[in-house]
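Visitor: Below are the chains, spelled out letter by letter.
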Amino acid sequence: MSAILECRSLTKKYASLTALSDINLTLERGRIVGLLGPNGSGKTTLIKIINGLLVPTSGTLTIRGMNPGPETKGIVSYLPEKMCLPEWMKVSEIISLYEDFYEDFDKDKAYEMLGKLQLDATKRLKTLSKGTKEKIQLILVMSRKAQLYCLDEPIGGVDPAARDYILNTIITNYNEDATVLISTHLISDIENVLDEVIFIKEGSITLHSDVDDIRSTQGKSIDTLFREVFKC
Amino acid sequence: MQWDLNSDKPVYLQLVDQITAWIISGYYKPGDKLPSVRDMAAQATVNPNTMQKAMAELERTGLVITYRTSGRIITSDEELIRRLKAESARNQTVEYLEKMKQLGYSPQEVPGLISDIINNDTAYNNADGRIV
Chain Z
1 MSAILECRSL TKKYASLTAL SDINLTLERG RIVGLLGPNG SGKTTLIKII
51 NGLLVPTSGT LTIRGMNPGP ETKGIVSYLP EKMCLPEWMK VSEIISLYED
101 FYEDFDKDKA YEMLGKLQLD ATKRLKTLSK GTKEKIQLIL VMSRKAQLYC
151 LDEPIGGVDP AARDYILNTI ITNYNEDATV LISTHLISDI ENVLDEVIFI
201 KEGSITLHSD VDDIRSTQGK SIDTLFREVF KC
Chain Y
1 MQWDLNSDKP VYLQLVDQIT AWIISGYYKP GDKLPSVRDM AAQATVNPNT
51 MQKAMAELER TGLVITYRTS GRIITSDEEL IRRLKAESAR NQTVEYLEKM
101 KQLGYSPQEV PGLISDIINN DTAYNNADGR IV
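Line by line, the protein sequences give chains Z and Y.
In terms of the working numbering, the first sequence has 100 at position 100, counting the first letter as 1, and numbering is strictly consecutive.
In terms of the working numbering, the second sequence has 78 at position 78, counting the first letter as 1, and numbering is strictly consecutive.
Bound-form chain Y, shown alone:
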């Protein structure tokens, strides 16, 4: 997995966003053990203090749990992960609708655009409905 930390937001918040996205997408699974702060900092080429701060924030939200003896693991609270996934999907949809508005499409026209692609683009209309 590639870290992408180029926005103007505080670095620790970018780390929080990135790790949250990996948990939501299932790259990190519930109950997975995380590498040490130092290793993760080295992977992302960020300061260990910053990674520590990101971990503290993830612990605060409950996504990451620290056990004194066995390090940090991803929460097994799948309800929490589902909720964050729904929230993230909603945010990205709102963002998309805003962009379409800038292009001059009304929100009512957008579902037509989407179903047009789903029905006619072979990448999206295979039998099980999964993106290939």
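The shape of chain Z in the complex, shown without the other chains:
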């Protein structure tokens, strides 16, 4: 099957700092991929380029053969690391907004998930706690029938019980044609749901491998391997 995401010699520089250096990466469809690296390694820069918020300094990044732009935004569902929703709006209004913006948005699914997490759609966003806002945002992102989901730190601020629910949401909602790219530090929480992992260090990919291959050849969990590779 054709690749969903392809990077060729992708490089991004911020003035004197090289955030991504000569990245070559291909992601297949139907995979859940962990993008793992210490702080400042380039994870968010890569995700921002995928979503057209940054442009590469050199090299290319294509999604289904297209450069990031309006067409790719229609098939990529993006969870930014920071809250991007208007605080004064009610949850129900934001759901209508998403429905207007994205053709692939499934409103019923969004309300179903809100119900499961016992969240009140009549509340204004600014009255909700940080973790609750994060849940709302993830619900919006996962209610789209996208081909690539980019989740930047999706479980950082939520409690462990909601974390399990969110992981289940990711597992049960993505379809076989879709790929999920998750960046996080909370490796032990998510490693059982991953197909493959990418280790990124100082802007370079140091490892891209199947999770169970790593466990069979190294005899250790991804969390343990990460702690060894990135030991301070």
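Keep in mind that the hints are not guaranteed to be accurate.
Just a few of them, taken from the derived set where beta-carbon distance is under 8 Å, the chain Z residues facing chain Y [unchecked claim]:
no., residue
1, Leu-167
2, Thr-172
3, Leu-194
4, Asp-195
5, Thr-224
Source of the hints: derived by calculation from the structure; they are not laboratory data.
Heads up, the beta-carbon is just placed ideally off N, CA and C, and yes, glycines get one too.
Since the structure of chain Z is provided, determine the placement of chain Y on it from the hints.
Guide: Okay, now just chain Y, sitting in the frame of chain Z:
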């Protein structure tokens, strides 16, 4: 039933071990229908691809049989289940003997330790011999 997937072994092998243990213990009975891969993956919080791989492995060993129309069921081959049960009991006994060796007990001393508990601990010496 709680899934316990915390060891460093490949996740699909942990799933295979866990499901095998449930079949041996009778939690899943011969001929029982298994939930869909997607549902089981959600229960265990693992990737559906990984659960699929575990199912393929269980089919290979014959413990799980796939029917194209009616999903997956547990084998009715009770001989196979008995054999796996005996194998599992043997493995755990060997493991136990190794641990006792580390504590400084010889294998010959171990039966004495066991019968001591069976005879004196009320949890194990009720009439029908079943653990309560």
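Visitor: A separate judgement is required for each hint: does it hold in the structure or not?
Guide: Comparing the hints with the structure gives:
The beta carbon of Z/Leu-167 comes within 5 Å of a beta carbon in chain Y, closer than 8 Å, and the hint placing it at the interface holds. Interface restraint check: Z/Thr-172 against chain Y, minimum CB-CB distance 5 Å, threshold 8 Å, status holds. With a least beta-carbon distance of about 7 Å to chain Y, the hint placing Z/Leu-194 at the interface is held under the 8 Å criterion. Against a cut-off of 8 Å between C-beta atoms, the interface hint on Z/Asp-195 holds, since the closest Cβ of chain Y lies about 6 Å away.
Because the beta carbon of Z/Thr-224 sits about 7 Å from the nearest beta carbon in chain Y, less than 8 Å, this interface hint is met.
Checked against the numbered hints above, the structure violates none of them.
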